[in-house]
Amino acid sequence: MTPLLSIRSLTKRFGEREVLRGVSLDIASGEFLTILGESGSGKTTLLRMIAGFEQPDSGEIWMGDERLDGLPAYRRPVNTVFQSYALFPHLSVRENVAYGLRAQGAPRAGIFGRVAQALAMVKMSEFERQSPARLSGGQQQRVALARALVNRPKLLLLDEPLSALDANLRRQMQTELKSLQREVGITFLFVTHDQDEAMALSDRVALLRAGGLEQVATPREIYNHPETAYVAQFIGHTNILRAEVSGGVACAGTIAWRWGGSAYSNGTALFSLRPEAIRVVPPAETGLPSEDTVRFRARVATQTFGGASDFMEIVCPDGQRLRVRVPSGSSLEGEQRFEFDLLDAIPVRPAGSAAAAATTPSAGAPSTDTPSTDAPSADTPSADAPSADVTPADAAAAEVAAADTPPAGEGPAQ
Amino acid sequence: MSMYTRGYKAVVAVPPLLWVTVFLLLPYSILFCYSFWSVSPLQVIVHSWSFDNYRELVRNPIYALVLFRSMRIAATVTLLALALGYPLAYFLSFFATKRKDLLYQLVIIPLWVSYLVRGYAWKTILGSDGVLNGFLQYFHLTHHPVGFFLYSPFAVILTLTHIYTPFAFLPIYASLEHIPRNLLEASQDLGASPLRTFWRVVFPLSIPGVLAGATFAFVLTLGDFLAPLLVGGPSGIMISNIVVSLFGAAYNWPLGAAISLCMLLLVVGLLAGVERLEKKLSYS
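In order, the protein sequences belong to chains L and Z.
All residue numbers for the first sequence refer to the working numbering, where the first residue is 1 and numbers rise by one.
All residue numbers for the second sequence refer to the working numbering, where the first residue is 1 and numbers rise by one.
A hint or two may mislead.
Just so you have them, the derived chain Z footprint on chain L, three or more residues with Cβ under 8 Å [to be verified]:
hint: 1; stretch: 77-90
hint: 2; stretch: 95-109
Per the computed footprint, the stretches of chain Z lying under chain L, defined by three or more beta-carbons under 8 Å from a beta-carbon of chain L, are [claimed, not checked]:
hint: 3; stretch: 179-188
hint: 4; stretch: 199-210
None of these hints come from the bench; they were simulated from the model.
Just so we're clear, the structure is a prediction, and the values are computed from it rather than from any experiment.
Glycine residues also receive a C-beta, built at the ideal position from the N, C-alpha and C atoms.
Model the full assembly from the supplied sequences, consistent with the hints where possible.
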C-alpha cells in the first residue's frame, strides 16, 4: 500500500546546528503516528516542514503523487493543532472553527452546519458564541481540534497539544483524542516529548534523537525490543548492561549468562534489562534455577516508594548498580538474590549508531533472539576487549553508555 | 499590596497629586474662571460672571469656520499619517528581520529633532526660491516658481504629516508586535492566503493601535499652532493661532480661555469615545 505521506531524507540546519539529518519516514493512511523526542531533537521542525512553516534544506515531502515541499502552507491539505492552540482572539468559537471553511470558499449555507457538527464532536457546542479568551486551556484545546478537523484534512498535525494541560486533564484528553481519531479516521501525526503519551496513543512511534530517527515501531515493539541503548533508556526505565561476550557467555561484571546471539561472537555488547524483568528470589527457595534464568547476588541500596510498585536500587559486588521494580510494600535490606529470564536481556546497539549500523554490513548472522533487529552490530571498543571493526559513532556512543553503567569488573559470580 | 503601610502609600502619592494639582487642576480652574470674565475697553480684566464669551463664539462665524478648517486639516493629516505609518509599521514588524532595530531608530530619530528645525526645513523646501521650486525649474518642469507650495493649507498638512506620522506609527507598531505570530501560521494553515490573513487576522488585531495612533495624530494636529505660523500664511490659520493671538496681541484672555475650554471639551470627548471604542475592539 502506498503511504499517505512520504518523507524522504529531509535535512535542515539552523546556522551551525544540524536540526534534521536526513530523516525518512512513511506514514500510512489512517494511522496514529507519534514523533517522540527530547526538546531539541528536531521533532517540531519536522512537523513545521510538513505544515509548510519551514523549508527543508534538502529532501522531499510527498503526499500521494503531490509534492508538498515548496507549496505554501495555505495550499497544503494538512491542518495543525498548535501547542498554544493559536485561537483567533477576535473571533468567537464558532467563527474560529468556520475560519478554514470560509478561507477555502466552502458554500456559505453549509458552513454553520459543519461547524456545529465539529463542535459537537469535541463536546463544545454550548460554547459556540463565546470568545476563546473566556475558555479554559482544555476547552481551547477542544476548539483548536474542531477548527482543524472541520476541514477534513488528509493529515492532522498535532504539535504537543496536551503539554499545557495538567496531568488529569491530559489523561482525559488522551483518551478522547484516541477515540476521536478512530471516529474520524483521519491520519494523526502527533509530536510529543512525553513517552507515556506516545505509548498510550500511537499505532507507531518514531523516536527522533538529535535530528535522526532511532527507531520506528509499534509501542509494544519499541518497548520490548529497543534497537539502541538510547531507545531502551528513553522509553521507560532500563538498565544497560555492558557485557563481555566470549564463547557463548555474556559477562557483565558479576552477572553472567548464556548468550547464543552469534553476532556477538566475541567482544563487548550492550544489553537492556528492564527493572521489572528482575525479580527477588525468596530466601526460602533453595532449588537450582531453570536453564533460562540468570541469578546473581546484590545488596539493596535504596528503595523508593512509587505507588503500585517501588523502585529499588541494588549494588552488585563489583559496584554495578541496577534498578529493580518490586511490588510496593515489600521491604528488603542487605544482600539478596535476584534473577531474570535470559530472553529479557535485550541486545541493543550503542546509542546514536543507528545510521552507522544501517550502512555497515553486519559482522555475523542476524540474531535469532531479536526478530525486530535485522542487523545488530554492537561491537563497542573498550579498554580490556579491543574490537576489530570500530566506527567513530560507536566510539562516541560507548562513552554515553559507559557513563550510565559503571564499568564491569572481573569474575562472574552466580 | 498589604506589605505597604498606609503611611508609605500616602508619601508615594504626594508627588503625583502635587503635580496634578499645580500643573493641571489649578491652571484649568483659572482658565475656567477667565472664560466667564470680560475685558473692559480700558484693557482691564473685569471679574464679573457672564456667558458673553461663549455667546460670541456662537455668534461670530469666523470661530466655527476656523475650527472646522482645523478639524479638516487634522483629519487629513491623520489619514495621511495612518496611510504612511501603517505600511511602515507592518513592514517593520513582520518583514524587516535583520535591520529591524536600525529602521525603528530611523523612524524615531526625527522625534529628537526640534519641531522648529523641522518647520523651518519645510519653509526652505517649499519657498518660492526653495529647494522644491529650484528642482522643478532645473528640470524645466515649471518656468516660474510655484507659489502655492508655501503659505497654504497644503504646506500645513505636509509639515504636520511629516511631524506627526511617527506618533501614529508607534502605537500601530506596538500593536502589530503584540500579535502572536502563531496566529498568522494558524491562518495560513487553515488555507488563508497572506492577503486574506492580513485582512482577517492582522488588521482586526491592530485596530486598537490604529485608533491610538489616529488619536495622537488628530489631537496633536488640532492643537498645533506652530506649523500654521511658519508655513500656513493667512489661509492656513488654525484654531490655536486664534487662541495665541487672543492671549497675545489682541489681549482678550477671557475669549481665548473660552475657546481653549471648548477645545478641551472636544478633545476630552474624543478621547473618551476612542477609549470606549478601543475597549470594545481589543481582545486579550
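Against the structure, the hints come out as follows:
1. Only residues whose C-beta sits within less than 8 Å of a C-beta in chain Z count toward coverage, and the stretch 77-90 of chain L has 10 of them, enough to reach three; the restraint holds.
2. For a cut-off of 8 Å, the count of residues in the stretch 95-109 of chain L with a CB near a CB of chain Z stands at 4, and the three-residue condition holds.
3. With a cut-off of 8 Å between beta carbons, the stretch 179-188 of chain Z has 7 residues touching chain L; three or more are needed, and the interface restraint holds.
4. With 4 residues having a beta carbon nearer than 8 Å to a beta carbon of chain L, the stretch 199-210 of chain Z meets the requirement of three or more and the stated coverage holds.
In terms of the numbered hints stated before, the structure departs from none.
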